[in-house]
Structure formats: C-alpha cells, structure tokens
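J.: Use the sequences and the hints to build the structure in full.
Chains as they are written, first to last, in our numbering: chain A, 1 to 555; chain B, 1001 to 1487.
Keep in mind the hints are simulated off the structure, nothing from the lab.
From a predicted model like this one, the values you see are computed outputs, not experimental measurements.
Backbone N, C-alpha and C fix where the C-beta goes; we use that ideal spot for every residue, glycine too.
All the given hints hold, so there is nothing to weed out.
Label pairs and their in silico Cβ distance ranges:
hint, chain 1, residue 1, chain 2, residue 2, range
1, A, Gly-290, B, Ala-1195, 48 to 54 angstroms
2, B, Leu-1128, A, Leu-171, 44 to 50 angstroms
3, B, Ala-1166, A, Asp-548, 52 to 58 angstroms
4, B, Asn-1193, A, Ala-194, 33 to 39 angstroms
5, A, Ala-69, B, Gly-1321, 30 to 36 angstroms
6, B, Gly-1062, A, Leu-21, 54 to 60 angstroms
7, B, Gly-1408, A, Ala-294, 32 to 38 angstroms
8, B, Pro-1057, A, Glu-511, 52 to 58 angstroms
9, B, Glu-1131, A, Leu-521, 53 to 59 angstroms
10, B, Gly-1408, A, Ala-194, 16 to 22 angstroms
11, B, Gly-1062, A, Leu-171, 51 to 57 angstroms
Sample of chain A residues at the chain B side, in silico, Cβ under 10 angstroms:
hint, residue
12, Trp-71
13, Val-148
14, Gly-155
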Amino acid sequence: MSISSIPILTIVTFLPLVGVLALAIAPERYARGIALATALATWVVSLLLLVGFQAGGQRGELFQFVVAAPWIPAFGIQFKLGVDGLALILVVLTTTLTWISILASFGPIKDRVKLYMISFLVLEVGLIGVFVALDLFLFYIFWEIVLVPMYLIIGIWGGGNRIYATIKFVLYTLVGSLLMLVAILATGFAFQAATGSWANAFDFETLRSFATTGPGFAGGLQLGAFIAFFLAFAIKVPMFPFHTWLPDAHVEAPTAGSVILAAIMLKLGAYGFIRFALPLFPGAAHTFAGVIIALSVIAIIYGAIVALVQPDLKKLVAYSSVSHMGFVTLGIFVFNEQGMQGAILQMVNHGLITGALFLLVGVIYERTHDRTIAKMGGISTPMPAYAVAFGFFAFASAGLPGLSGFVGEFLSLVGAFLYSPWVAAVATFCMILAAAYLLWMYQRMFFGEVSDFLKNLRHHLTDLTPTEVLTLAPLAALVVLFGVVPGLVLDLIAGSVANVLRDVASQPAVEVAPEVAAVALLAVAIYVIARVIVTANADRRAAIEAADLAAGAGG
Amino acid sequence: MDQSLVLITPLVVAIGAAIVVLLVDLILPGRDSLAVAVSLIGLGAVAVATLWANQAPGQAYGGAYEVDALTTFLDLLFVSIIALTLVFAPDYLKPRGLPIAEFAVVLMFAMTGAMLIAASTDLLLLFLGLELMVLPGYMLAAFHKTDGYSTEGAIKYFLLGSFSSAIFLFGLAFVWGMTGSTRVGDVAAALTNIAATPGAFSAGLAMGFAFLTTGVAFKIAAVPFHYWTPDAYQGSPTPVTGYLSVGPKIGAFALILRLFVEALAPLKGDWLPVIIVLAALTMTVGNLIALTQDNVKRMLAYSSIAHTGYMLVGLAAYAGGQQLGIEALLFYAAAYSFMNLGGFAVIAALQKRAGVTSSLETFAGLGRREPTLGALMTLFLLSLTGIPPTAGFVAKALLILAGVQAGGWVAFLAVLVVINAAVAAFYYLRVVVYMYMREPVSEVEPPRHGRLLWGGLAVATALTIVLGFFPFLITGMIGQAATALGG
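T.: This is the structure:
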C-alpha cells in the first residue's frame, strides 16, 4: 500500500475526535495525557502531509491529498477535502500550536480538565477543517464548529469578565458568518441557475473555474456576496472597525485560548479572503480593494497607537495583533506577488510570534496574577531566562531583521509600495511605532529596580520551568528558521500565490453605479455619526453619574 | 376491503388505541408503566397502519379525504411527537400526582385530530380536524388543575383559541360563498377562474382570506396574534408545554399547507405579501421578547414564536415560486419538533422535584451537577440556534436557500432569518452560560431520572444529530410530500 492510498488528510482532520471519544470515557486524571498524546499524534500525521506534498511547478498549483464523496446530492454538496501550499502550512501551524497550547495548559487549568481538553480537541478539528474544506457548505460547517469550543474555553476558564467577553465574541462572529451562509447559498444557487444543474454547485474548484475562466458571477451577486464574505472574514481577522471583540476576548481568555485565538483563529479570516473571496468574486474584490487597503492602513496605525498606551500587558499584545494583521490584509489586497507572499508569511509569523508572546504573558500571570505593566519592573533580575525569551519574541514582533517577523512585513510593504508609495510610507512609519510600544513595554517591565509589587512576590518569581521552555523553544526555533530561510515557506506557497493572483487578474472591477455608492457611503456615514453620538452620550452620562456620586458622597 | 376503509385505518387505529388505554386504566387503575407501554404499542401500530395505508394512496369519501406522501410524512411526524411527549411526561407528572394514563389518552386524541388535518381535502373536515386537535390541547394546558398558573394559562388559551376558531370558520364560510364548494380541489379550480378574470377578486373573497389568515395565525402563534402563547406555555406542566409548542403548531402548519398551498394556491400572489409581513414580524418580535426573559420556559415559548416565523419563510418561498420552500418548511418542522421536545424534556427532568422553577437559576452549574443533561441541553440549544452539524442548521440552511431562490422580498426574509438567528444565539447561549459558567445555587443531590426519559432523550438527540449529518435520510420523503402537495 503506498502512502497516496491512505486518506491521510481525513485522518489529520478527524484524529482529534478519537481523542475526544477517549476523553469522554476515560477518568478525569488521564485527561491531560490523552489530550497531549492525541495532539502530538495529529501533529506527526500532519508532518507526513508536509513530506508528501509536491510544491514545485504545475503540481504545486493543484490541490493535493484530495478526498471527495457526495454528501447531500440533491444540492451537489460534497464532503471534499484537499490542501494546497497555503492550506498545508496553516494546517501544520494549527497542529503545532495545538499541542503546545495543550502542554501550556497543564499547569494553569486545574478545574474541569476533561471538558477543557475535549473543547480544545474539537476546536482543532474545526480549525483544520476550515483550512482543508474544498466545498463551501462544508467550509461553513467547520467555520461554525470552531465557535462553540472557543465560546466554552473563554467562558468557563476565562478571567473575571469572561461571560461578557465570550458572548461578545460569539455574537460578533455569528453575525458575520450567518450572512456568509446566505452568500454561500446564493452563490451555489447562482451557479445552478447558470448551468442548470446542482452538480458540484458548492465545489470550490468548480466554482472557481466558473468564476474566473468561465462566465463568472453577475456583478450584483459578486458585490453582495463579497460584502457578506468580507464581513465574516473581516470580523475574524479582525479588521478595523470590526476589532472591538478582540481585546475583550484576549484579555479574558485563558493563556492557551489566547494563543489559539491569536495564532490560528485570526488566520481563518485572512485565509478566507485568499481562498474564497478573491477567486470567487474577483470583480468585486477589485471594486473594494481600495476601501480594504485604507481600512488595513488604519488598522496598522490604530492598533499600534492603542497598543502604545495600554496599561495591561495582554491588551498590548492583543492590539499589536490588530496592527500586525493589518499588514496581512494590506498585503492581500494590493494584488501583487510580493504583497501576497508577504501576507501569507506574516500570517505564519504572527501565529508563531504572537502565540509565543501570549504564552509569555501567561508565564508572568501565573506567578503574579497580574498583568499591569506599571506594577512590573526589573523582572530580568529574578527571571533572566524569561527576560531573554520575552526579549527575543518582542524583537521578532517588532520586525528585527533575521527573525521571521521582518520578512513578512517587508514583503507586504514592498507589495504596498508597488501599489502606492504613500500607503507604504504610512505603513512603514508604523513599524517604528511597533518598535516603540514593544521596547518601551520591555524596558518598563524588565529593566531597572525590582518593583515593590514584585518584591512582595519574590518567592513566586521562579524562572521558566522545563515545560514552559518546551512550549517556547519550538516556536523560537521556527522564528529563527523562517527568518533566515523564508524560502522554506515561500516555495511551499508559490503555487497558491500564483493561483490566486491569476484568479484575481481574470476580471476587471465590477462597476458600482455612482448613486448606489453615494447611498452606501451615506449609510456608513450615518452609522458612524450615530455610533459617535451614542458613545459620547454614554460617556457624558457616566461622567454625570460619577459627578453625582461624588456630590452625594460629599454631601 | 373497501379502499376508503384502508385509507382511514391510521385514524381508526389511533382512536382504537386511545380507547384501549382508557380501558386498561379503567380495569387496572394506577398501573402507569402499563398504560405508557400500551400507548407506545398503540402508537407503533398507528405508524404501521400509516405506512400500510400509504401503499395505495388515493382519495376517499368523495374527495374529502386523501392519503398521499404528505399525509404519511406528517402522520409519522405526529406519532413521533406524541411518543416523545409521552415518554418525557411520567418523570414530571408522577411527583405531582397527575394521572399518566389520562394524559396519554388525551394526547392520542389530539394526535387523531392532527392526522385528520393532514389527510383532509375538504374545508369542513379541516376545521373538524383542527378542533379535534386543539380541544385536547386546552385540557392538557389545564392538566395541573390545582396550579393557578396552569388554570390561568389554559383559560387564556381556551378563550383565544375558540375565538380564533370562530374567526377561521367565518373565513371558511366566505370562501365557500365565493367559490361554491368546500372541496379543496373545487375551491382551487374556482379560484383559478377568478384569478384569470380581471376584477373578479371580490371584497367578500378578501374578507374570507383575511379571516382565514387571522384564524390560522392565532393557531400557529404568529405575531401579532401571539399574546396567548407565553402565558399558556409558562403555566402548563412542562411536558405539555413541550407538546403545545410543537404538536398543535405543526398541526396548524399542516392546515396551512392543505389550505393555502392546495386550495388558495391560485391566488398566491395576493397572500404572499401578507405572509412576508407576518413572517418578518413573527421572527423578529418573538426573538426580541425572548431576549428579555429570565425564565427558560417562557424564553422557549417566545423562541417558538420566532421559529413559527422561520417556518413561514418556507411558505413565502413557495408562494414566490419555489417548491423547495415546502420541503424546507417540512424539514424545519421535523427538526424543530425533535430539538424543541428535547429541550423541554431537559427542563421537565430538572423539575422532577415539585417546586423547582424553570428560571435560569435552575440551570446554574448543571454542566457540573448533571453533565449528561447539560451536554444534551447544549446540543438542543445549539440546534435551535442553527449551529452545525445539527438538524437545526440544515433546516435553516434549506429555508435560506429556498428564500434566496425565490428572490425579491423573500430573499430579504432570508437575510432577516440569519440576523434573527444571531439575536437568538444570545439568549440560547445564555442558558449555556448558566449551565457551564455559573456555580450551582444549591447543592442538592440531583434527582434520579427514569429510564423512559433517558430513552426518549437518546432518540431526540440521535435524530437531532443524524438529521444534521445525513439530511438526505428524510429529504427524499419530504420531496415526495412536497410534490404530492404543490407539484
């Protein structure tokens, strides 16, 4: 039996479910071991994919390891999985970070371990499924499955304000994704109406060739469906102004939840743009590219500025995510090779670096139960190894050449420069801001005198434990590896990049009638103004109430 | 054997089974498990009779009665609903000293009414079936007769129910007057003529339509005719609430299918706008009010109003020219029955000890106290929200697909469905928050649940999951039913 006859992709996707079943019947005390073993096994199998994948040339542009079976034949819905370079690298990123997260949860999670581990493994199934699904309906199902375990992880094992955070997270995501469901169904129906048959109506490859080399979807459908897909993906990325759930979710989530949220879940949105939104609706993508680039640049600046003033370490990393993911969407929507490569590379790097930063935030939180930067100081004295690790990843995040963060941002910026030097100039300026908030934070936390707050806790301030080193070391190694040899990733994704760029180039922009555009702009403007007024009113009322309280206390 | 007799066998068997249970209870009073066992066997016999009658579908009694694929599908659905209700009830009824055999008998009579609706092709017979279905419903709502809320809810239900029946009958009279027949087929033919002649759509016919729509809207609890629902649902014993939110609602939808889709189809362009407005109002208002409830039973009552709105989208899609609308409606009805009954079964199980309320606090820490019940409730709530891979998701997806295909304002309804689903997620997930993210209020030993309850929950769970993964198991049958009706 050769390797190719084993449905290895199906195994990778559903192997965690075996662990879930084992967890369901095993006693609580074995939960950690079973979960870690399952995650490691999934990881190993996913590495086999990496070995078997043929990256170069024609072959590299095709989906590989494809499995397909009819599922709901009446509507041509299939169970179809397959990977190209882009999906593959994200699958491996997922399996890697899942075992790291599970290992990192051993210490902090003491309550309801079994349920926690089950949630994590179900989450892994959903995440891998999103990256490998080649049927739009199936993709949607995996997309929604991701939501439930993350909801539980934040809501049960999160911080003080966890319920607010988790409901906000679910509702934001759900609004976007449900509209995407309508768009998916409308797309399938449009295909059926055009070809007269439901056969393969939700099959990604069929739809893509229909959309790019075939007759293509009508302009109106493209615009509507693209907006729906955009909302779903933009909320997930999250792009400005859809990012407000992110800081809450990150701050309240347990460490491992934050790691997966930042490292993998934010990539779902970017992946969705590259895999589905661009190839299926290339005309609409051109129409909206300008707006999305503008939003990306705003996200880059806004995220960096807000990160600069955060008193909470975890919030700082969360806002830096908004800024870094801005580079991803910027790179995607400039529609050139450098931009797209940079975007994908940045997705991987952000996963590694921000994942590691959240692990590091978790390390100090475990010891002090606090994340306020102002209370810290001089940590490098009691915890030198921790300081080194934190410094390494902070520099990587700031884009130090030689580490992987640099290459992705650099390529994105080259892409942006080819699109418009002005955009590149503004975005480059923000790399300085990134260096500023990271180094300033680092200096306040790690240098100088040991703060009084930490002095009182000095017995708890032990340096990194072997487990913590084990979770951080692989990430550090990959950051160096991809920093020095970015070609490893670039070769793998070359086919995907070529594909999506060819798809996008296949159609000119869909023209929007000026009156429609005017009405849309007006609606957005009214919404923004209303939002501002409501917020201002709330602030004013809060101020009045505070004043009343103060007056009452005084009287 | 006479063809007419073959076709009415399911009804005869159903009534016979009810009488047998009555006799068993008379001869051997107080043997609850025996009564339940006999009822379940009777229900099985009804299912077999239904399938048997379906071997030779056709009309009987001068075209007033018809067995087709739709009748068969609905009959099987009613049998499942009644069986599940019956299985869930004893755990709740017994501690409160309520008679179980009588409960079973009343339920089976209600089922007979619903089955009569599913097979009627005559307006008067439809009305007869409707009354036979809802009268036992009033009795069930008042089943806990020493409980003030139960009585209050039942009286409201009864008064508004009879009121709406009268309105409905009034509408029937108008339609009869304008078309000259009570046979569904003849009415449709007469209306086709009216639709073809300009200016023939008279004020009288419009009145008839208005009264019929109002009467039916009361029965399915569509906004703004929903005011009886929350009180009736909250006051009734919990297993009854589960039944009321499913059985009579789907029975009334069967009436809608026979009436609007078969008899009034030629004028569907005229009633489509009304259905669109009703659907939009029903789902939105139902969901918005459900948001503010902190009693789970009452919340599910309002959410069942919202689900009525979703199902109306299927009807609107049909009127918009999509056969798929009917299929989506039928699939939704099946999926909704199992997940909603399952949800109410969990509430009933929690209320096994008399005096336990159905407020959100009851659910606090359930995930820790009773992990299996908590997990099942989560599944049912996720399905009600429409999260894959559950039956509720496939049902919503089919509805949305039908709506999108129909285009125009119906496509707008499809978008409204998803926005409402997101709103609904908030209050459904709030229950999950209480179950998993709050600590229990009191540390009492959880009650032991009967084997019947677990069995019923297993069936409801299996159906909720299986229909999510393999919807084609019933879509074939649904397709035939829709073809029999509209094709």
